[in-house]
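Each protein sequence line maps, in turn, to chains D and W. Converting from the first sequence to the numbering used here requires adding 12 to each position, the first position being numbered 1. Converting from the second sequence to the numbering used here requires adding 53 to each position, the first position being numbered 1.
The hints are simulated quantities; they were obtained by calculation from the structure and are not laboratory data. Warning: the hint list may mix true and false statements.
Said to hold, decoys possible - Derived DSS-like pairs (lysine-lysine); straight-line CA-CA distance at most 25 angstroms:
1) K448/D - K361/W
2) K125/D - K28/D
3) K382/W - K296/W
4) K296/W - K448/D
5) K382/D - K448/D
6) K373/W - K361/W
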Amino acid sequence: MNAISRPWNRLTLAGKVILPLLFLLAAMTLLLLVGVALGPIPYLADLAYDTVVANLGIVRFVGSVTAILLFTVPTAFIIIYLEMKVIALMNMRLGPNRVGPWGTLQSTVHGFKVLGKEDFTPTGADVPVFTLAPAVVYLAVVMAFLVLPFAPGLVGADMNIGLLYFFAVGSLGVVGLMMAGWSSFNKYSLLGGLRAAAQIVSYEIPLTLAVVGVVLLAGTFSLNSIVLEQNGSFLDWYAFRQPLGFLIFFIAAAAEGARTPFDLTEADSEIVAGPMTEYSGMRYGFFYFAEYVNVFLLSALTVVLFLGGWNAPFDLGGLLAQVGLTVDPTLAPGQLGIGLLFGVALVPPIVILAIALPIWAFRSDVAFWKALVIGFLLFNVLAVGALMLWATASFEAVEGLIWFFAKTYVFVVVFVWMRATLPRVRVDQLMGFAWKWLLPAALVNLFVTAAAIVVVTQIQG
Amino acid sequence: MTTEPKTRIRSLDDPLLMVDTPATIYDAIPPYPPRTEREAEFYALREGEMLVNLGPQHPSTHGVLRVVLKIDGERVVDLDPVLGYLHRGVEKICENSDWHMVVSHCDPLEYIASMFSELVPVMAAEQLLDVRVPRRAEYIRVLACELNRISSHALFMGWLALDLGGLTPILYGFIERDEIVEMLAALTGQKLLFNYMRIGGVNGDLNHEFLSRLGDWMAHAGQRIEDSQTLINENEIFVKRTKGLGVVDRETALRMCLSGPPLRATGIPYDVRRAHPYSVYPELEFEIPTREEGDSYARYLLHLDEIKQSIHIIDQVLHKMPDGPITAKLPRLLRPRPGRAFAAIESPRGHYAVYAMSDGSDQPFRLRIHDPSYFNLQTVGLLTPGHLVADTMAIMASLDPIMGGVDK
């Protein structure tokens, strides 16, 4: 006993994790070999394949849910970094500049830091509710992604009630905030939770009413169809036919996402951090993830509804195709034979050396290995750039994705810009603004749109 | 109503208390029976009311002020400021230290503008010693003080915006403050607590680095402060949140012993620099900006006006700066005549005064410090009830208290 336990005790924590995993890996490899040799593995694989084919709908759903869950994490990281850096530049500071190039890995490090923190539950908290609240907030945001059309054919589920689903699921987040505020046993949390409920429920109304104009024009609730309706030149985007609706929607979206100047739910100078006051560790991280993913989500919805989604303002893919960047459909890589091997094996080192040698030769302070690293990185950038150009020219989905993200991040930056510039409104001003100004304006927008549609259809015939 | 405590008063650290009442120790209610009528009334809650602890650790209380808010929903019904978390007994410490050491002890009182809090005891000691301060030293004092006033005001305007949720103005305020702090560091060797004033003069003469930094800064100062404030001056949200908020009328202002910008924002042109002139201010030309409204927005704008006046003063001081010694000749150990002295100056927060008594020994017999932050802060109790929780911050920030001076 002692002979085993002593070396085990000498291992570090990482060792204690890795060593059993190594044994497990060895055992599984052995099992796999035996299984393939004796037959059950191919049989099971066939069975699994048949099951997948038989339940393609479910598999597609699970696949898209997984993809979206995985997609939210880098999105949140990017937006957190963007916010830190952009606000810093607007404040005339440097912002994050230590971790990674230009501090780009700062939000990743923040993520790991949050993961490593103690998960603390305060005395007197309602433990099950307190534990569930971050999950509810996060899932509400993530589930709303399901109906968002990213590119032609790239949509989680093209529901015919997509927009209704979006608002229904998206506003579930307020339930989580209420749960957090109520269960934390903290008066600041309570105030924050109630503020969140009042604010988000109030702004839901102008938000949805502003969208009804778009729905009337498009004649559908499906987000994918709304994007397809805006096909053509950029003058067909609904922002030009619904300018008032666009404005109302954007303002209400800022309030819905609890962004400055409507960030009353987490007003740090008043109620410390609102519903998140008592949270620590990754639970707190979930709230933040949800917030930043929500920023992306609302920007994306603005783009989908009013700015043509993945529709291009001008035909970039066609332009690139004319230059000759499309793939030749007759060309199969296998035809190149040994040339393919030489190309893959020789082109990268040659290009890397071609970049590295001048740097090494003309910059005396750069060591050769550093020049090689720089060359490698630059080559990668070039290769990815070339690949992206080629993909943009060849595939409609890639081009759509690029336009979609470009437009969305414009709005994300606008949200960040607002945060850097504006102070916070007061709670009574917030409510007054929603009910006295936004709601009547949204109703006017709705009536004018409906009347215009009736008149136009009468005239046409 | 004074009720005798029936049981022994339990400390909050008492482990038994934690066991008996596991959750309520976080309440704002003090763990002893009410000591005064006011306390009994305040801590008795009606239906729907709630006590919230604002501080001593809270993002927007500017130090360690604790305010117990009695709120009904979001509306503040009443509030009870609890002071003393930063009490160090400076006045008592001063009684046990040499006259020269008094300067360093008074230094951190108004730590945002410590030139002022060290100037006052120095002036009181000079009155007791009947010493004439050289004119160059007086001019240097005015120069340093006005610079410090600008840095303090620039920071105030950022703070107010920060408490209203604006992230950027505070950093623009810090741009000015950084430059001024670097300047004063070149002059005094310190960045926050300068220890620059000496009884009978100042610690060091103007040097090249200070003057070159000052020249650089003066070239663009006024314009840049005004530019950076355009971010919030006419911002609709900012104006709507501060206009008509925390209005003080003249009678209340005088009754509550307000001074400095909060007083001048009500229209009373009281400025110690003109009302009870000291140093070389009678020789300098400047206006006392006032506003009529008396609300938070007026207080904010007044700070901007005062910055312009301060820049004007610095301009004149640099033109009129005489040559000569920077300290009076004094013995190393000071033994002022027995007697009393009163010195008052206009600090960025108002009427800052020291009343000193000497018994002829080398230590002050009594040193009473009148800090304007304390008197400005006491209006919070009048202004806040009826407003929302968010407005409490705006009102407190617009009064600009420095807790170092309030708690002493």
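If you check each hint against the structure, which ones fail? 1, 3, 5
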